[in-house]
Amino acid sequence: MTGAGHADGLRVDRVRFTRGNRLIIDDLDCTVPAGAVGALLGPNGAGKSTLLHLIAGIERADAGAARFGDRDLASLRRRDRARAIALAEQEVTDAPGLTVAEVVALGRTPHLGAFSGPSERDRAIVARGLEDAGLLDLADRDYGSLSGGERQRVNLARALAQEPQLLLLDEPTNHLDIRAQLTMLGLVRELARGGLTVLAALHDLSLAAAYADHVVVLAEGRVVAAGDPHAVLEPELIRDVWGVEASVIEHPATGRPLIAYAGIAGAPLPVPQPVPLPAPLPTGESLA
Amino acid sequence: MTRPTPSVTPVTRVPKTGRRADAELGTGAGGPSEQPVPVFGTWVDAVGPGAGRGAGAPAQTARPARPGRPVGRGVRTGAWAVGLIVLLGASVIVAVTIGPAALAPADVFASIAAHLGIGEPTLSPLRDGIVWELRMPRVLTAAAVGAGLALCGAVMQALTRNPLADPYLLGLSSGASVGAVIVIVLGVGLLLPVAAFLGALVALAATLTLAAGASGGRAGAGGSLTPTRTVLAGLAVASVFGAVTSLVIFWSATGDSYREILNWLLGSLAGTDWTSVAIAGGAVLVIGIPLLTSAKTLDAFAFGDTAAAALGVHVGRSRALLLTATALLTGALVAVSGSIGFVGLILPHGVRLIVGSRHRALLPLSALAGAIFLVWVDTGARTLFDPRELPVGILTALIGGPVFALLLLRNRGLR
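Chains E and H are the protein sequences, given in the same order.
Residue numbering for the first sequence is 1 to 288, as defined by the numbering used here.
Residue numbering for the second sequence is 289 to 703, as defined by the numbering used here.
These aren't lab readings, by the way, just hints derived from the structure by calculation.
Bear in mind that the values here come from a model prediction, so they are computed numbers and not experimental data.
Think of the CB as a built atom: it goes at the ideal place given N, C-alpha and C, for glycine as much as any other residue.
Hints may contain errors.
Stated by the list, open to error - Footprint (simulated), chain E over chain H, 3 or more residues, beta carbon under 8 Å:
{"no.": "1", "stretch": "586-593"}
{"no.": "2", "stretch": "599-608"}
{"no.": "3", "stretch": "638-651"}
Put together the whole structure using the sequences plus the hints.
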């Protein structure tokens, strides 16, 4: 996955995008170094998903350019772009009646010819994607029978089957329990160690701080801060961007920034008051 | 007698040095931890930010991929394809023997051989005429129309992500009928397939526009059209075009206009000849075969437009091109058979149950199954109430209606 030509990683240059009359992305600049895990943070509606779609070429920017290494992504042919960049969406769609292995095999689409079926190599890559995402046991299960967390993993495996150099993840930890969130992000780190560049839209600031090398904070279509999580995730920024009072402390075990919320700005978190529980029933009596 | 509330219950602290706590955090303090972290059931080295890239062999290389692991159900598909081809051939021969004049399969072979110039004519001219001029063209037209409709249904279901899509339910067939009937009334029969195609295209555009408008406008590309709205829009379009068809026939026809109207609205293969075979069969070959090569693109639509685009598909262009192809095919089929309903709904769903949803298997098998299905249903239509003949669409609706209901029950999530 590593190679010359994209040593600079992802660079977004003065990208602007409007939908209807609404300016969604406003002269946005950001970078993710090659082989790094970048976290895209920001409140709902800040433009995170749109930015991912623009980078993936699903929507066209009105101005500006996204580059990966020395390639201008807009100038690539669709197929070539899909071989370089994979996007895993958070999945809410209904099942299309495919097995897990078949869904993952969809990731080979940009690599297949119009007439040829999947080759041995395609099959091997699909099997590898299944294995990397821990899905081998589920390979023949119907996609519709999976839990939300399993679907997220299938989406990731499908994206990996594209053999991308840049992996875009739109809220990959949604619908996942804590352990599955950590496992998902651990896998993403592992992939980055293999040379993959990752940009993931995340909501959980502490998780982003724990797993990302680089964070990009969006607000109203603009980058308000970017860089090392330690430097970027300051209480002032969190108050300005999310309107939330927070303390940023050092995780006692990992040393990563840990964000502890104190309440919405101007309305501190209520201190829980003891609530009396109902008296236990006298012995020998039943509710019936 | 109040107990302390949970909020004031002292919390048992997990020791900071606890093995599990560290392992689960998986972000060893500022560097690689000694503890392995489970990554989806596979144990790999713990990695945290700053855990040196290239520090030691990536765990991935320790897990060789298993090449050659069968993905999907390829073998089964091949077996089904061969079986259905044989069954189609046999169905055509047997269906030709069925009818008021009793014939044996040997007679059919003899007639075919004679007309292909392989053997001497052994049948009486009357019996040969029944085989070659009456029944064979009809059975072959049924096969072509069935194959084409099933193919159209499968393609439309993928492109609109709507299990209820079918040329009949979305109004294409009704639109094609209007075009065909107008041309017949005007007496320019040569333009029949063209007019039917234009009618189908207008109906398709009307249905999609109506469905998109009804679902809030942002669905211009069709990807976010909800199935229910699309079917309702198709119903509206089909009603209007059906009424126009009836009006045109009623206003112009001098003879048995009721029968004529029924044949167009319900579909009928009565009176088909070798020209019908050429039109329907030619359309299936010329349009159907390119459709088969679009299987990969159709697969990519499984998770919607965004996912398809992320897989490198030109979403807008592909959808427009493929839907136009289905309109073209529907037009040619309706020009020879009227609007036969539900074939495009029943067969693809039946085939999906057997080989799944991958279009490489689904499209050809649906076409074969559709051909066999319509050969037999049409044979029923012309023989069940002999000497009277049913419009074949009555029988397909009789079978398709319950299937439609079943799909509604099974897809409770449909909006």
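Status of the hints after comparison with the structure:
Coverage of the stretch 586-593 of chain H by chain E holds in this model, with 5 residues showing a Cβ closer than 8 Å to a Cβ of that chain against a need of three. For the stretch 599-608 of chain H, the assignment as covered by chain E holds, since 4 residues bring a beta-carbon within under 8 Å of that chain's beta-carbons and 3 suffice. With 5 residues having a beta carbon nearer than 8 Å to a beta carbon of chain E, the stretch 638-651 of chain H meets the requirement of three or more and the stated coverage holds.
The structure fails none of the hints (numbered hints given earlier).
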